[in-house]
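Per the numbering used here, the very first residue in the sequence shown carries number 1; after that it's consecutive.
Any given hint could be a false lead.
What follows is a set of in silico ranges between Cβ atoms, one per label pair, in the way DEER data are often shown [stated by the list, open to error]:
id: 1; residue 1: 35; residue 2: 13; range: 13 to 21 angstroms
id: 2; residue 1: 51; residue 2: 4; range: 35 to 43 angstroms
id: 3; residue 1: 3; residue 2: 52; range: 34 to 42 angstroms
id: 4; residue 1: 53; residue 2: 3; range: 33 to 41 angstroms
I should point out that these hints are in silico values taken from the structure, not numbers from a laboratory. Just so it is clear, CB atoms sit at the ideal spot from N, CA and C, and this is done for glycine as well.
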Amino acid sequence: MSEQQTFHQAVCSGCPAIPDARDHDHWRSRPHRNEGDAQIKAGTHDRLKHDGESTATVRTFEAEAIGHLPREEPPIEGEEPAEVEA
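Build the full structure now, drawing on both the sequences and the hints.
See below:
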């Protein structure tokens, strides 16, 4: 079993109002071990998708790591967990 690691992820709460929000790259960015990388993703997302309005945030969570990625990402508050096909 791997040890728990801290991850940082850019998340945009303003995107559910955008029809294709779940399809674009930064609704939920790939988790990063470096908080600065997640902050850059959030800022880039805001510039490209929200005309610079500060909408995206960085969330921090602990998870079991597989290499440099979490084994599982916790659900975003207010979001239904994704169903996994067997």
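Going down the list of hints, with the structure as the test:
The hinted window of 13 to 21 angstroms between residue 35 and residue 13 holds, with their beta carbons roughly 18 angstroms apart. A hinted range of 35 to 43 angstroms holds for the C-beta pair residue 51 and residue 4, which are about 38 angstroms apart. In this structure the supplied range 34 to 42 angstroms holds for residue 3 paired with residue 52, their Cβ-Cβ distance being about 39 angstroms. One distance hint, 33 to 41 angstroms for the beta-carbon pair residue 53 and residue 3, holds here, with the actual separation near 38 angstroms.
Going down the numbered hints, you'll see the structure goes against none, and every one checks out.
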